[in-house]
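Student: Respectively, the protein sequence lines represent chains G and S. Take 1 as the starting number for the first sequence in our numbering and just add one per residue. Take 1001 as the starting number for the second sequence in our numbering and just add one per residue.
Please keep in mind that the hints were generated in silico from the structure rather than gathered at the bench. Note that the structure is a prediction, hence the values are computed from the model and not measured. There could be a bad hint or two in this list.
DSSO-like cross-link-like pairs, simulated, lysine-lysine; straight-line CA separation at most 30 Å [claimed, not checked]:
id: 1; chain 1: S; residue 1: Lys1085; chain 2: G; residue 2: Lys60
id: 2; chain 1: S; residue 1: Lys1192; chain 2: S; residue 2: Lys1060
id: 3; chain 1: S; residue 1: Lys1141; chain 2: G; residue 2: Lys85
id: 4; chain 1: G; residue 1: Lys193; chain 2: G; residue 2: Lys141
id: 5; chain 1: G; residue 1: Lys124; chain 2: G; residue 2: Lys185
id: 6; chain 1: G; residue 1: Lys141; chain 2: S; residue 2: Lys1060
id: 7; chain 1: S; residue 1: Lys1211; chain 2: G; residue 2: Lys141
id: 8; chain 1: S; residue 1: Lys1124; chain 2: G; residue 2: Lys60
id: 9; chain 1: G; residue 1: Lys85; chain 2: S; residue 2: Lys1124
id: 10; chain 1: S; residue 1: Lys1060; chain 2: G; residue 2: Lys124
id: 11; chain 1: S; residue 1: Lys1211; chain 2: S; residue 2: Lys1192
id: 12; chain 1: G; residue 1: Lys124; chain 2: S; residue 2: Lys1124
id: 13; chain 1: S; residue 1: Lys1192; chain 2: S; residue 2: Lys1085
2 protein chains.
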Amino acid sequence: MPYELYYWPTIQGRGEFARLALEEAGADYIDVARESEGLAVMMRMMDHAERPPFAPPFLKDGETIIAQTAAILLYLGARHDLAPKDPAGGLWTHQIQLTIGDLVAEAHDTHHPLGIGLYYEEQKPEALRRADDFRDNRIPKFLAWFETILARNPGGSSHLVGRRLTYADLSLFQLVEGLTYAFPKAMSRALKKAPRVASLHDAVMNRPRIKAYCESPRRIPFNEEGIFRRYPELDA
Amino acid sequence: MPYELYYWPTIQGRGEFARLALEEAGADYIDVARESEGLAVMMRMMDHAERPPFAPPFLKDGETIIAQTAAILLYLGARHDLAPKDPAGGLWTHQIQLTIGDLVAEAHDTHHPLGIGLYYEEQKPEALRRADDFRDNRIPKFLAWFETILARNPGGSSHLVGRRLTYADLSLFQLVEGLTYAFPKAMSRALKKAPRVASLHDAVMNRPRIKAYCESPRRIPFNEEGIFRRYPELDA
């Protein structure tokens, strides 16, 4: 039985982290909300499931429904050899994912600092100020942390954890993709100071399954409805 | 060997979720940064560990260091019977915790909508607008979700998951505590529409170990350095 992934059908968003893991694993999955009537099915499940997801993305595997991006990856990582088997290594991979998730949330807040109840156009002056701090302080701080992890990994700096690919590597690739789309100037500067992060991004991009996926129509282009948005006024 | 918990010594903050689990479990732990020289030890570990925490809180158990609040609770929950043993139940508990963490982050952003690079006083007009949305839309939406989960739990509405206490119950207690401190008026209204959440909060508060902890000097009072801050102008 294929996995069923539920996420907004027109954006990469948080669902993309799950899609990348499923693609790299070569897993059989249906991106349900992109099928006919699928969005209505997704909304019904959020309303009526015994264990209702608070928000997409969520994954259905048989009778089990798992929401929250990091929890989905914890689940998929163990099943598809995208995380170390040892408990400490598994937790470390999860911890990196949670930290990536924190930066994703902050990236979203650059265009919605006053909350999602208002359009970007209604909070543009505030977005300009928040984006300043994000570009000048937050991106460099997080990238320095990833760079340090790669430098200290006893398994080598080709991966965040151990000697093999984990879902944390896939997610760091996606984080760099998204930030580079939204803040091309700031990221160009930041990646010069984080060469191991840049190399990891490129290596993941060239993995056969990831490359095939990114070149396929399954990969939704970035756009200004998602988490990572290119508003040139927010970059510098 | 006692656990070592590392967190900022003068606030409840995210560390409090770990403290509550350790207290309920009756676990032997040292709140390291509250000991003499402990803060310096914490900063050194963040700088020099092979697997450096991005930020506190983090837990040290022997040689294993675990950061990220939700990952700490995943670890403690399995070891101290504060989560179901079945994998689906464990993931569900974790998913609830991650969603609580999302609301905690949003609570923080009510007083720092433009980021942590500026003081509250420098972003007060923006904080007023963000807090409006948080009180009117976000608190009710999240509380309705917790209320639904409690109502649908086949094990009864005394717990979020199954028939017994989990760390998710402890964390929901702390979330209600914090929000009630920061937004007493808004929470008084919101809890009237979420009676099961209010009951769960009260039941956890009266558990012997939690009660003893909250009455002890180990419980740091809420204050305006933490995540949940009482700025009366942000409540209504």
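Student: Output the numbers, in ascending order, of every earlier hint that fails for this structure.
Tutor: 2, 3, 7, 8, 9, 10 and 13
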